[in-house]
Amino acid sequence: MDDNLELPTATPKPEASQDREEEEQSSGDEDQGPDWTKIPGLNVARPVIPKRGEKDFEPTAQGGSGLQRHVLDRSRSAMLEALKATRTISHKSVSHAIWYPQLKRAHVTVARGIHFSTMGHSVARASAESEGAKKVQKRLELLPEEALYLVERGAMYCWEPTDLPLHHTVHLDDMEGVPMSVQQAYAEMIGADELTFERYQVYAYLRRLGYVVTRTKPPSPDYPVPPPFPSVTRASASIVNRLLNTVTSFLSRFVRIFTGGRDWWRPICFSRWLHYNMTNKSLFKSLRFLPSGYDVPLHVQRAPEAPPTPYQIFYNLYKPSTPFKKTAPPLPDFSVVVVNARTTPMPTISELTDLFGELPELPPPAPRKRMSFSQQKQASASAPQSKQTAPQDPVLQPWSFRRSLAWIWPLSQTNENAKTPARPTNPFPSLKTGKKMVVVAAVDAGTISFFRFGQGVFTEWPMA
Amino acid sequence: MSLITPTRHKGSQKGGARRAENNRIYAHPLPLVFSAPEPHSKFGHVLGLFGPNTRLENPHCEGIFDPATRSVWVTNEKDSMILWRRGFFGKGNLSRSEPSWLARQINARKAAGKYMTSEEIREKRRAERKQFKMDRAAAIAKAAAEAEAAFAEGREAGPAFIPSGATWKPQPSSELSLPSEPPEDQSMDVAEELEPLEDVEHLQLTLQEAFFLIWNLDCLTVLDPHTHEPMSLREIWQTFQDVHCITPGLPVYAHRFDNPFLVNYAAYHYYRSLGWVVKGGIKFCVDLLLYKRGPVFHHAEFAIVVIPVYEDPADKESSPFNLPNADTFSWSWLSTINRVNAQVQKTLILTYVTIPAQSRVSADLLSSPACLAHYSVRDVVLRRFIPARMRD
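One line per chain: the protein sequences are Y and S, in this order. Residue numbers for the first sequence follow numbering that gives the first Met the number 0, so the first one is 0 and each next one is one higher. Residue numbers for the second sequence follow numbering that gives the first Met the number 0, so the first one is 0 and each next one is one higher.
Among the clues, some could well be false.
What the hints assert, rightly or not - Here are the simulated SDA-like pairs of lysine to any residue, each with C-alpha atoms no more than 20 angstroms apart in a straight line: (1) S:K291 / Y:F427; (2) Y:K431 / S:F384; (3) S:K315 / Y:K216; (4) Y:K280 / S:Q342; (5) S:K315 / Y:F427; (6) S:K315 / Y:Q300; (7) Y:K91 / Y:Y185; (8) S:K278 / Y:I348; (9) S:K278 / Y:R287; (10) S:K291 / Y:P461; (11) S:K282 / S:W332; (12) Y:K431 / S:G15; (13) S:K315 / Y:E304; (14) Y:K280 / S:Y252; (15) Y:K280 / S:G293; (16) S:K77 / S:S94; (17) Y:K431 / S:Q342; (18) Y:K431 / S:Q344; (19) S:K141 / Y:L66; (20) Y:K216 / Y:K325; (21) Y:K280 / S:D217; (22) Y:K280 / S:F33; (23) Y:K431 / S:R388; (24) S:K291 / Y:E459.
Since the hints were made in silico from the structure, they are not lab data.
Construct all of the structure, not just a fragment, from the sequences and the given hints.
The structure is reproduced here in structure tokens:
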């Protein structure tokens, strides 16, 4: 788990933070079925999020037990009741939109509810009514996945324009067109504007969890995009790095002139003079002479007639806690690639290298703080304030910058260390996170597996 | 140096003392030891600034190449102990990791139960765990029967006590004794009756480990299996590649950059040079496991899958070696590996080793280890991403 993501939550949960390390990769609660007895069945417009429970029934050698059968029957009937309930929505809170198949957009005519603070974008379109003077008007439009999500949720009524004469309906007389069913919306909107079924499933799943999901590649020029990832890291570090590189390369060339290059039958030299003051650390350092890491050029050839790679970042993901402004979206928290797990093999190293090339360097994970229970409680109580400032700038202290400057400050650091014996930085959070990260959602017939591929930093954190 | 002390105190000591003992025994990360002699006077100290004040101690171990098992056998007990204790190289052929067969036999005969080898500790732990599971299953069954009876009578069942890993303690009086404890009255004369024990175990080094020790550290001599003469580095370089060829010398095998020995060596050297202790990972569906200081100190933190990448797809077509993982594996297999390793708290690393294209790099380089400079190693960290837990 990212340590910088381990901000204290609003509710004090001491045991959760302790178990997190063990729990984090286990299947956990999200894979279980809902406890239907907790879902109220009929006449409820807003369903309650179900809580997960224990298993009600386990087959035993002696056959079913009366108690288990009773519990199971109760759950089963509760599920049927819940599914039988008619999903309703008040016409005062439902939104309305018109789906234009040619535009592949849904024009929102009546916007109600909170959804539109994070969904839809405004587009200037020439309105059809005034034919003489083409009037350009801004209007709110939804991408296919946004429209489909709202229709499926029961939060929006979608209409399709038609040439047929329409009957007059109460409440709906201002709508031009025929209403679309959910099935029809699925049939028309999947496939529109690069929206595959897998991508919609990932979109809907993440939206339901509260994430804000936007397209990475703008589907039209009107679509608001976040600013490009800052390349500060390279620029600021380059002066020091370049200086360092020139000095070291000069030195190594100088040495090579005198030693006549590396003897490949004896790569490590233990001459009487050169191992003067040699230590295990310097021996390990001299062992690192084979090329490794992402700075080495990748010579993998690509077939010229190869089809375009499916590994393109498709969605930008924002955590629910990230302040999101629709017209000026901030930098995304995660970048998501969606693939079909049945037809797409795992990414190759070339595809991964290309993906990492587009992504920013993550800040080094914050060290995990050892806290007592009372401290944890306090921290979680004051979390809402600190949360505002913490995730603001992810590139404030870029990785390579800090690391490249570390050799300048050894004196000041030793002074500090003399006062408070600071622990050396734990390399494991960095090694387990990687420097850059891309999320791949592999969708197998509706089951989504999310994996994070991190650019390894083993070369930067040697153990000796 | 107290490296060759045959006494084994493991298991008989508590945490801190054992850790200090391990720190002493396994103080050196590599078989080569740099020792700085104590400066006797100020004069000596000044001299030390000019002359070499670090002395290099090279153990010069000896092993014999075994083509059938594709390994190098170190039969000398002293050498195998040095290689194991300084850098955890190799594995005892009759043991889980450290060659401890002889010590186990001696324990079984004399000091039964007094000192325990790691294998015996493991056996004890497994027996205890089995007992715990049986106790827990019994408690669950009892609670279920109680609840059933209560349901039949139409009343609520009382709370049941089910032991968990935290609350369950092994009974001291149970029959969980050591598997190899002889009866008290016999133990006196058993040792005299039996013939003296001979250490039949050897330390086996993988070819990667052996070549790392020979090539970089020059602390291992490998004998030819037929002539028992020391092999030259050139012979070793050729032989270690030839063992992967069904009939060595065929033109198919000539000038191949994708010889499994070369690919595996590139990955092995990469992690060894970064200071990791590298062991095999077949138990966890992976190729390698990385330990921070060594298996006696920590559990392995990382599980490595070595994925060869051909720079030129044509080389893959013409390859006589069917390199594992050269084809991208499916998502289901990735999930399988990742689940297995997440279960044991290891992070999965995909290590991509690029194989130089024959069109780019001259095949002449294969005659010496110089070709290794044209391979490159990249690692990718793989973990599950769980959106439900990342919301903050």
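Hints violated by the structure (numbers, ascending): 3, 4, 5, 7, 8, 12 and 14
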